[in-house]
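K.L.:
Listed below, chain by chain, are the residues.
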Amino acid sequence: MDHYLIIARSVTYAQRMQRTLARAGVRCQIFRAPRDLTELGCAYAVRVAVSDLTDALTALHRESLDPVQIFLYQRGLYREVGR
Amino acid sequence: MIYLDSAATTFQKPPAVETAMVNALRTMSSPGRGGYPAAMAAADAAFDCRSELAELYSLKNPEQVVFTLNATHALNIAIKTLVPPGGRVVISGYEHNAVTRPLAALEADVMIAEAPLFHPEAVSESFSKLVDSGVDAVICSHVSNVFGFIQPVEAVAALCRTRGVPLIVDDSQAAGVLPLDMAALGAAFAAMPGHKGLYGPQGTGVLLCGEGVKPYTLLEGGTGSLSIQQEMPEFLPDRLEAGTHNMPGIAGLLAGVRYVRQRGLEAICRRERQLAYMAAEELRGLPGVTVYARPGLHAQLGVLSFTAEDWEAEAMGQALAERGIAVRAGLHCAPLAHRSAGTLGSGTVRLSFSDFNTPEEVSRLVSAMGEILA
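Read top to bottom, the protein sequences are chains A and B. Here the working numbering is used: position 11 in the first sequence is 11, and no number is missing along the way. Here the working numbering is used: position 177 in the second sequence is 260, and no number is missing along the way.
To be clear, the hints were calculated from the coordinates, so they are not data collected in a lab. This one's a predicted model, so the numbers in the text were calculated from it and none came from an experiment. One or more of the hints may lead you astray.
Once the Cα atoms are required to be at most 25 Å apart in a straight line, the calculated SDA-like pairs of lysine to any residue come out as [claimed, not checked]:
1) B:K297 to B:M315
2) B:K143 to A:E39
3) B:K143 to A:D66
4) B:K143 to A:T20
5) B:K297 to A:S64
6) B:K297 to A:E39
7) B:K143 to B:A325
8) B:K297 to A:C42
Have a look at the derived ranges for each label pair, beta carbon to beta carbon [unchecked claim]:
9) A:T58 to B:R344: 27 to 35 Å
10) A:G25 to B:K143: 16 to 24 Å
11) B:P98 to A:R19: 43 to 51 Å
12) B:P168 to A:G76: 34 to 42 Å
13) B:A267 to A:H61: 22 to 30 Å
14) B:G428 to A:A22: 38 to 46 Å
15) A:T58 to B:E208: 50 to 58 Å
16) B:A325 to A:R35: 50 to 58 Å
We put the beta carbon where it would ideally sit given N, CA and C, even for glycine.
Kindly generate the complete structure, drawing on both the sequences and the hints.
P.N.:
What follows is the structure, encoded as structure tokens:
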């Protein structure tokens with residue numbers, strides 16, 4: 001299913017993102033980021049539905065929680081759509 | 084056993100601490116090392132513990148809470164971040180070896196803000212005379228581990244802010260008993276054990292990091308983040324948490340912190356001070372006993388030192404141990420505090436209370452002392 005992956009710098013940062021999104025009413029899950037998506041090795045990612053990305057980024061921006069990278073998963077492939 | 088050595092470590096813990104530790108052993112692996120349920124359960128416990136501590140200490144975000152082995156480990160990071168070899172430091176006269184030994188290793192130029200026991204205003208005045216903009220750091224314990232003396236960290240922090248000098252607070256004896264507002268203090272660091280007033284298990288400690296400080300890495304290694312990069316991450320808590328976490332310890336600490344927050348600092352503080360007050364009043368009535376406390380236990384927490392005429396402190400500690408009472412005698416790893424109080428030659432016998440002690444235990448201590456001195 002199509003979704004966005006918001007890459008976080010660490011598990012703690014991903015957890016802060018997750019709590020922030022939960023407070024904003026955005027459903028999300030934490031995953032280990034796929035290795036080929038991360039330039040500097042191990043990282044975590046927060047997965048959100050395509051329809052929730054704008055709300056998610058607004059909520060994260062409000063808390064100064066900056067994603068490392070953002071990927072769109074579509075037709076079985078990840079494509080970077082933002083940093 | 085009547086346990087009166089909580090300034091070393093609290094022995095009686097809330098039952099939830101043991102439960103949480105056993106649960107951690109059964110259900111948690113390593114946080115930040117996987118996305119499977121056991122790794123995420125560990126990550127959740129660690130995050131919840133950071134979040135509880137961040138709220139308790141008024142920190143903006145949980146990443147500013149770093150897990151350490153103990154307060155000494157935390158203090159070493161703080162000191163080695165701020166004090167270069169041969170640097171200038173002002174410390175209070177009541178610091179522990181956890182502060183003075185790292186400074187000695189750095190061959191720091193240490194100035195001591197001398198002040199008599201239980202006179203917080205004198206502590207402030209003394210710091211004020213010594214702190215200038217050329218000082219690398221000020222270090223002040225919130226409460227003396229030997230005498231329970233509550234030092235004026237708020238006033239010292241205000242002075243540091245005015246003069247642009249970073250402050251390290253050693254909160255070892257105050258954690259879980261007295262509030263500390265990191266945001267208001269503007270301190271660079273506060274260090275504390277998890278296993279004393281926060282009721283976590285031994286092997287847990289916490290370093291609270293102020294904003295805008297890039298801490299010195301005492302350890303380097305795996306963090307589960309930025310694995311290709313060979314320098315430690317610049318962001319917290321990863322920068323200071325190389326290697327596998329003590330998850331049973333952190334889960335136990337989380338349960339301990341929740342106990343403290345539910346019970347309330349004020350209630351815990353009141354209980355410990357009442358017990359110390361009762362002990363001070365009753366011990367004063369015994370022949371040859373000198374109790375280190377001002378009337379009304381002014382500026383003092385639930386830690387009480389005493390000496391007994393013709394009794395060496397360690398011998399008194401042993402005599403009490405033989406009667407089932409656990410106390411700490413000697414210099415308490417704080418020769419500077421003893422020098423400041425004038426007890427370096429003799430040492431003292433120290434009683435230190437927790438939320439789990441009772442007035443009956445104080446009465447039994449006083450009876451035992453009466454027997455020993457008879």
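K.L.:
Hint by hint, say whether it matches the structure.
P.N.:
Comparing the hints with the structure gives:
1. B:K297 to B:M315: Holds. K297 (chain B) to M315 (chain B) sits at ~11 Å (cutoff 25 Å).
2. B:K143 to A:E39: At roughly 29 Å apart (the allowed maximum being 25 Å), E39 (chain A) and K143 (chain B) break the hint.
3. B:K143 to A:D66: holds (16 Å)
4. B:K143 to A:T20: holds (13 Å)
5. B:K297 to A:S64: holds (19 Å)
6. B:K297 to A:E39: holds (23 Å)
7. B:K143 to B:A325: Distance of about 23 Å is within 25 Å: holds.
8. B:K297 to A:C42: The given pair, whose Cα atoms are some 22 Å apart, holds under the 25 Å limit.
9. A:T58 to B:R344: 27 to 35 Å: Cβ of T58 (chain A) to Cβ of R344 (chain B): about 32 Å, so the range 27 to 35 Å holds.
10. A:G25 to B:K143: 16 to 24 Å: holds (23 Å)
11. B:P98 to A:R19: 43 to 51 Å: violated (28 Å)
12. B:P168 to A:G76: 34 to 42 Å: violated (57 Å)
13. B:A267 to A:H61: 22 to 30 Å: holds (27 Å)
14. B:G428 to A:A22: 38 to 46 Å: With Cβ atoms ~60 Å apart, the hint is violated.
15. A:T58 to B:E208: 50 to 58 Å: Check passed, 51 Å falls within 50 to 58 Å.
16. B:A325 to A:R35: 50 to 58 Å: Given a distance of about 21 Å, which is not inside 50 to 58 Å, the answer is violated.
Hint check: violations occur at hints 2, 11, 12, 14 and 16; the rest are consistent with the structure.
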